[in-house]
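As they're listed, the protein sequences go chains A and B. Here this note's numbering is used: the first residue of the first sequence is 1, the next is one more, and so on. Here this note's numbering is used: the first residue of the second sequence is 1001, the next is one more, and so on.
One should not assume that every hint holds.
Quick list of simulated restraints, FRET-style, between CB atoms [what the hints assert, rightly or not]:
1. P282(A) with L1243(B): 54 to 60 Å
2. R343(A) with A1224(B): 27 to 33 Å
3. M341(A) with A1218(B): 38 to 44 Å
4. A1321(B) with P251(A): 52 to 58 Å
5. A1307(B) with E165(A): 51 to 57 Å
6. A1321(B) with A142(A): 26 to 32 Å
7. A1218(B) with A142(A): 42 to 48 Å
8. A1224(B) with G253(A): 18 to 24 Å
9. E1221(B) with A142(A): 30 to 36 Å
Here are a few chain A residues that face chain B, going by a calculated C-beta distance under 10 Å [claimed, not checked]:
10. T133
11. V154
12. A162
A few chain B positions that, by computed beta-carbon distances, are all more than 12 Å from chain A [unchecked claim]:
13. R1019
14. E1180
15. H1194
16. H1254
17. A1301
18. M1322
19. P1325
Quick caveat, the hints were computed from the structure, so don't treat them as lab data. Keep in mind the model is a prediction, meaning the values are calculated, not measured. Note that the Cβ used here is the ideal one computed from N, Cα and C, for glycine as well.
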Amino acid sequence: MIELRLPSFGADMDDAEFLQWHVAPGEAVAKGAVVAVVETQKGAIDVEAWQPGVVARLVAQPGQRLPVGALLATLATEGEDWAAVAARPLPTAAAAPVPPPAATTPTTATTPTPASPPAATEAAEAAERVRATPAARRRAQALGVDLTTLRPAVPGGTLALADVERATAPAAGMRAAIAAAMVRSKREIPHYHVGREVEVEAALQWLATFNEARPLTERVLATVLLLKAVALALREVPELNGHWREGRFEPSGPIHLGVVSRLREGGLVVPTLHDADQQPLPALMQALDAALQRARQGRLRSSDLADSTVSVTPMGERGSDYVHGVIYPPQVALIGLGRVMARPVVHEGQLGVARVVQATVAADHRVSDGLRAARFLAAFQERLQQPESWA
Amino acid sequence: MSRTTYRDALRQGLRAALRSDPRVFLMGEDVGRYGGSYAVSQGLLEEFGEARVRDTPLSESGFVGCGIGAAINGLRPIVEVMTVNFSLLALDQIVNNAATLRHMSGGQVGVPLVVRMGTGAGRQLAAQHSHSLEGWYAHVPGLRVLAPATLEDARGMLLAALQLADPVIVFEHALLLNEEGELDGEPAPVDLQHAAVRRPGRDISLVTHGGSLPRCLAAAERLAADGVEAEVLDLRSLRPLDLAGLADTVRRTHRVLVVDEAWKTGGLSAELMASVVELAFDELDAPPARVCSAEVPMPYAKHLEDAALPNVQRIVAQALAMVRP
Chain A
1 MIELRLPSFG
11 ADMDDAEFLQ
21 WHVAPGEAVA
31 KGAVVAVVET
41 QKGAIDVEAW
51 QPGVVARLVA
61 QPGQRLPVGA
71 LLATLATEGE
81 DWAAVAARPL
91 PTAAAAPVPP
101 PAATTPTTAT
111 TPTPASPPAA
121 TEAAEAAERV
131 RATPAARRRA
141 QALGVDLTTL
151 RPAVPGGTLA
161 LADVERATAP
171 AAGMRAAIAA
181 AMVRSKREIP
191 HYHVGREVEV
201 EAALQWLATF
211 NEARPLTERV
221 LATVLLLKAV
231 ALALREVPEL
241 NGHWREGRFE
251 PSGPIHLGVV
261 SRLREGGLVV
271 PTLHDADQQP
281 LPALMQALDA
291 ALQRARQGRL
301 RSSDLADSTV
311 SVTPMGERGS
321 DYVHGVIYPP
331 QVALIGLGRV
341 MARPVVHEGQ
351 LGVARVVQAT
361 VAADHRVSDG
371 LRAARFLAAF
381 QERLQQPESW
391 A
Chain B
1001 MSRTTYRDAL
1011 RQGLRAALRS
1021 DPRVFLMGED
1031 VGRYGGSYAV
1041 SQGLLEEFGE
1051 ARVRDTPLSE
1061 SGFVGCGIGA
1071 AINGLRPIVE
1081 VMTVNFSLLA
1091 LDQIVNNAAT
1101 LRHMSGGQVG
1111 VPLVVRMGTG
1121 AGRQLAAQHS
1131 HSLEGWYAHV
1141 PGLRVLAPAT
1151 LEDARGMLLA
1161 ALQLADPVIV
1171 FEHALLLNEE
1181 GELDGEPAPV
1191 DLQHAAVRRP
1201 GRDISLVTHG
1211 GSLPRCLAAA
1221 ERLAADGVEA
1231 EVLDLRSLRP
1241 LDLAGLADTV
1251 RRTHRVLVVD
1261 EAWKTGGLSA
1271 ELMASVVELA
1281 FDELDAPPAR
1291 VCSAEVPMPY
1301 AKHLEDAALP
1311 NVQRIVAQAL
1321 AMVRP
């Protein structure tokens, strides 16, 4: 039996409101399939299955507020009979923090709660008929928003225009989430900042050639090339990649970049590029693009937000020259990439013009020192001089 | 600009009508020697003489019928009925004769009659003098029904009504008579086709007419202090209704609260709600709602009368419930 529990989508998430099931008992799900939607301060987020299985029993009901780690559903593993799994008593409701508790004790089974298809059917029917005002329905249709993913401002109330607008524009909730994380960061993390100018001329020229051979829709943005170089450089400085938990640093093997992205409508989202050091450029480009599209539709998935090990904030063309970042706890570093600028540079005593970015590191002084961050920046610079060797 | 009252504005309109057209005359109970039960026609008898400002016996059916006859025969009568409550005695003349004759004569006979009526409660005149029956008249094809709520409309609607070839009922709410404001220029006919936005807003529309306009404006003021911008739509004409204007305000605010001093059941407020749903369903972000009078004969006792009538507090509370459920 697999227990699907409410994952944490960020250090400051304590609970979430359960919105909707996308699956029914008996349905087979692949790893990564969207099975449910929950509402957090970051908006409506799709919950994915961590393992393949067959849905046995839906425990969470729409409208419930659940703590992180709460049991959402049970799934049958391959070879198990889902109906039999559904008939089993539920593991203790006492939710442990994620990851799920090592051992879950079944309740001292008195009467096994039967699998209840009738209840599930009722819930499904209730979910089908969304109560929304005519104006909300029309706006949602125009914006391509699925009303079943929204929650009214008043619990149990009717979805109104403002609820649709709140869902499509980043809300006060997101602002509050950013505020909480940043206050915690500034309160707890002794930041230090270092930076250096990094020449990107060779890398950008290489990228131009790389893109020439590709159809317009499959071209790779300069930002993605820089992100991959960041990920590779991080391999050399493990003190920047991981989490500070319970008074000590836990380095991370995999390098999952949280990419700080501004939404046009205001606010930030930080989609995660998993194993950014190992993925080819086109795959990274595609992953970032898809995550940002989901973010703009307010439909991020759990894996978009969870488990990044270090953050990068690329300023983009309209951004500033450099950034002194604020670390996203419990991470221990944030890499800042200023906008690309043409600048006078000196090569072997000769003055020339080349494109550069100001790269900065904000890092946790409990974990690393300035020299290590400088080492990272040097590695980043080195990577960018020979993109053909790794990209 | 000069300071004036709604009562004076009505009188300015009457005087201008009597001066500009010799076919116009005023008749009704106590309109001459007494100066009108609400002192609207004070001084007109002295100015225009008994032929044009005529006191009538206490017989609504009789003198409204006279007015219809005079209108058919080429005059432009203005008939004053003290309150709409008494007009029920003339309902047969108005509904069966004035409203139907053009139709029944194949267009040969029109009745260019203006009937002015007092309406509304709020002065402890009890159940036989206080009801708002505008909606009954607004139900009848063949009539035009007006509800002037501002000084400009009090003065100009009569003049516009006298230019029409068919019967017009004008409702003058008793509580408006002492309303003061600035009124400038010469008396002139006003537009009768369109409702008027008396205060723009974006959060909710208060749709009203006549004596409830000041209540709605005061409520909008109170709501603004609470951060809610209420639009106030003064219907002005109750038949025909400016349905385009009604739909427009819903498109701007997405919420409608109808404020009408009449009873809810089968009333004009119900017609307005139905029209909103028919014309602007997709614009609605809250169920349309109403603040009306309690469904009782209007009480005499002051505290009960106050409790029965729409007031600022009830309008504000209902509006807030819709904007912030």
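query: Going by Cβ atoms, does E1180(B) stay more than 12 Å from chain A at every point?
result: 39 Å, holds
field: Range hint compliance [Cβ, A1321(B) to A142(A), 26 to 32 Å]
entry: Once the Cβ atoms are compared, 27 Å apart, the range 26 to 32 Å for A142(A) and A1321(B) holds.
- request: Using the beta carbons of P282(A) and L1243(B), state whether their distance is inside 54 to 60 Å or not.
  value: The hinted range 54 to 60 Å holds for P282(A) and L1243(B), with Cβ atoms some 58 Å apart.
- request: Indicate whether the distance between the beta carbons of A1307(B) and E165(A) respects the range 51 to 57 Å.
  value: This hint is violated: roughly 39 Å between Cβ atoms.
query: Should the label of M1322(B) as a non-interface residue stand, given a Cβ cut-off of 12 Å to chain A?
result: Violated, since 10 Å does not exceed 12 Å.
message: Does the closest beta carbon of chain B sit nearer than 10 Å to the beta carbon of A162(A)?
response: 8 Å, holds
query: Can we confirm that no CB of chain A comes within 12 Å of the CB of A1301(B)?
result: 39 Å, holds
query: Using the C-beta atoms of R343(A) and A1224(B), is the stated range 27 to 33 Å upheld?
result: Check failed, 54 Å falls outside 27 to 33 Å.
- prompt: Does the hinted range 38 to 44 Å hold for M341(A) and A1218(B) at CB?
  reply: 60 Å, violated
query: Are A1224(B) and G253(A) spaced within 18 to 24 Å by their CB atoms?
result: 60 Å, violated
query: Taking the closest pair, is the beta carbon of R1019(B) still more than 12 Å from chain A?
result: Check passes; 51 Å lies beyond 12 Å.
query: Taking 52 to 58 Å as the hint, is the beta-carbon distance of A1321(B) and P251(A) inside that range?
result: 56 Å, holds
The earlier numbered hints that this structure contradicts are 2, 3, 5, 7, 8, 16, 18 and 19.
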